[in-house]
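**Student:** Order-wise, the sequence lines are chains A and B.
Per numbering that gives the first Met the number 0, the first sequence starts with residue 0, numbered consecutively.
Per numbering that gives the first Met the number 0, the second sequence starts with residue 0, numbered consecutively.
Since the hints were derived computationally from the structure, they do not count as laboratory data.
Given the structure is predicted, the values throughout are model-derived calculations rather than measurements.
Keep in mind that the hints are not guaranteed to be accurate.
Which copy is meant is left open, so a pair is good if it fits within one copy or across any two.
To be verified - In silico lysine-lysine, DSBU-like type, Cα no more than 35 angstroms apart, as pairs:
id: 1; residue 1: Lys54; residue 2: Lys32
id: 2; residue 1: Lys154; residue 2: Lys32
id: 3; residue 1: Lys273; residue 2: Lys157
id: 4; residue 1: Lys273; residue 2: Lys193
id: 5; residue 1: Lys273; residue 2: Lys231
Protein chains: 2
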Amino acid sequence: MISKLIDKIERLQAPVVVGLDPMLSYVPEYLQKQAYEIHGETLKGAAEAVWQFNKAIIDAVYDLIPAVKPQIAMYEQFGIEGLRVFQQTVDYCKEKGLLVIGDVKRGDIGSTSEAYAIGHLGRVQVGSQSYAGFDEDFATVNPYFGVDGIAPFLKVCKEWDKGIFILVKTSNPSSGEFQDQLVDGTPLYELVGKKVAEWGETCMDGAYSNVGCVIGATYPEMGKALRKQMPKTYILVPGYGAQGGTAEDLVHYFNPDGLGAIINSSRGIIAAYKQEAYQSYGEKHFADASRKAVLDMLADIRKALGK
Amino acid sequence: MISKLIDKIERLQAPVVVGLDPMLSYVPEYLQKQAYEIHGETLKGAAEAVWQFNKAIIDAVYDLIPAVKPQIAMYEQFGIEGLRVFQQTVDYCKEKGLLVIGDVKRGDIGSTSEAYAIGHLGRVQVGSQSYAGFDEDFATVNPYFGVDGIAPFLKVCKEWDKGIFILVKTSNPSSGEFQDQLVDGTPLYELVGKKVAEWGETCMDGAYSNVGCVIGATYPEMGKALRKQMPKTYILVPGYGAQGGTAEDLVHYFNPDGLGAIINSSRGIIAAYKQEAYQSYGEKHFADASRKAVLDMLADIRKALGK
């Protein structure tokens with residue numbers, strides 16, 4: 000699966016993923032009103048507003064980018080109705096030719112991780128039939144349980160040609176609280192990184208592994224060091240834009256082959272129309288503002304990479 | 000919320016929670032067939048079979064125990080249809096007077112953890128209305144992100160009188176891979192435990208905190224040490240029975256007041272009819288086998304606690 004992502008990144012010259020993390024406050028008033036007129040101010044109404052918002056943005060940007068990364072929490076907050084729109088969003092993005100990174104950050108003991116892996120990346124057996132629950136192409140995974148929690152994902156990745164990105168160093172301010180703790184002089188996130196590289200060796204797909212990792216754009220020195228330690232591991236990089244990471248910070252997340260990293264922006268793209276720079280689009284043209292924000296992000300990153 | 004759980008535990012003399020973690024292979028053939036006859040061998044059919052299985056077990060044991068712990072992964076593997084049955088199970092357990100610990104192990108950067116906290120324990124605003132997405136009483140939370148990932152849960156716990164159990168030392172064989180790493184001579188899980196106790200101080204509800212922790216029954220020495228270090232923290236203990244933990248192992252997870260721990264059993268209860276000890280019930284009476292398994296577990300734990 001990582002080779003499919005790389006093909007798309009190279010063809011579009013776009014090592015970029017758009018995070019579909021819709022807060023209701025990002026959805027223009029008029030879209031919310033339309034949805035509430037049909038479904039009332041209900042969970043279904045909220046979910047419908049989010050769906051119309053997502054669909055317009057996907058339609059506006061799908062030809063520019065290789066992949067999207069819907070954050071399932073933003074859908075889960077609306078219960079079943081929200082999760083239905085998560086699924087609808089995954090399906091629609093795949094129809095449009097986008098790869099889908101399910102930002103689910105699941106992870107548990109072995110038998111439970113297996114259920115998550117099957118639900119998000121594999122197929123579940125029902126009598127003589129089998130079905131995909133959510134069917135993303137990639138999922139993000141939490142490493143706290145050690146290999147037991149990861150192995151079922153590796154199995155499913157091999158069986159169905161899928162990929163995962165395991166959390167190594169997250170983008171949030173307090174990520175160091177546990178991740179930076181020194182173990183014999185080595186920070187924990189580096190130990191996790193070493194394991195990720197090791198696990199990844201068993202899941203190679205061309206020059207890179209189907210087992211990637213997550214390293215926040217907000218810790219560029221750590222990203223630089225980790226990049227060298229895990230050369231075959233694709234890095235999913237959140238934290239660009241709204242969280243403070245700049246394109247210059249991100250250059251060292253890439254390998255000399257110009258590959259090895261994919262940069263996520265969520266709020267900066269999907270709520271672009273709320274920013275001063277794109278205010279002139281107005282809320283009616285929020286999706287055009289998102290398209291312009293993607294083009295600007297691409298230009299920014301290409302420039303930093305000297306392309 | 001923890002005081003409600005303690006009241007129930009004391010009234011029933013039952014520091015026990017039943018894990019509703021249904022694998023399709025646990026559901027008796029005849030129940031699966033009934034569901035497939037109506038809905039076909041589909042995700043809906045599988046979900047219906049799980050629901051009928053859950054309902055029968057809940058009806059058979061609800062008067063003996065204070066709480067249940069549905070593991071959301073087992074539902075998520077069936078996609079939306081499975082998650083609908085997760086919700087139905089939560090709602091039904093609450094109707095029966097049970098407290099519900101959503102075993103969701105969520106956790107992310109701040110804004111995302113907020114969405115999870117709202118979705119599972121709080122209420123989401125939709126226009127002038129607010130709604131609960133899943134509305135469990137407690138949720139399990141992953142600490143890898145540090146305080147940013149926890150704070151939104153604390154906020155929601157205070158606002159809606161709910162509780163969380165944060166992973167400290169998990170029950171699986173490889174939990175030590177990262178959790179046992181020594182930081183200046185102290186294992187990481189102990190550092191996490193210290194933070195959990197600290198966070199818990201801000202969420203007290205009587206003698207105990209609404210912020211509990213998870214410590215596996217499979218590591219009794221660590222449980223004993225942690226018990227002393229975090230006296231006001233309720234410990235949710237998975238790993239009894241099928242995973243290998245015994246009642247004697249668990250005595251030291253309790254405080255001198257006889258409180259402070261709640262022991263989970265999943266497979267050992269819900270798939271009891273498949274064990275040699277309860278085989279005589281037959282698959283038609285699987286729920287009666289589960290009731291007997293709960294009674295046996297209660298006797299085992301009461302005996303170990305000298306009650």
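**Student:** Indicate, hint by hint, whether the structure satisfies it.
**Tutor:** Each hint tested on the structure:
Taking the shortest Cα distances, lysine 54 and lysine 32 sit within 35 angstroms of each other inside one copy (17 angstroms), while across copies they are farther apart (39 angstroms). In this assembly of identical chains, lysine 154 and lysine 32 lie within 35 angstroms of each other by CA distance solely across copies; the values are 29 angstroms between and 45 angstroms within a copy. In this assembly of identical chains, lysine 273 and lysine 157 lie within 35 angstroms of each other by CA distance solely across copies; the values are 32 angstroms between and 42 angstroms within a copy. Taking the closest pair of Cα atoms, lysine 273 and lysine 193 never come within 35 angstroms of each other, the shortest separation being 40 angstroms inside a single copy and 41 angstroms across copies.
Taking CA atoms no more than 35 angstroms apart as the test, lysine 273 paired with lysine 231 passes in neither setting, with 38 angstroms inside one copy and 45 angstroms between copies.
In this structure, the hints that do not hold are numbers 4 and 5, in rising order.
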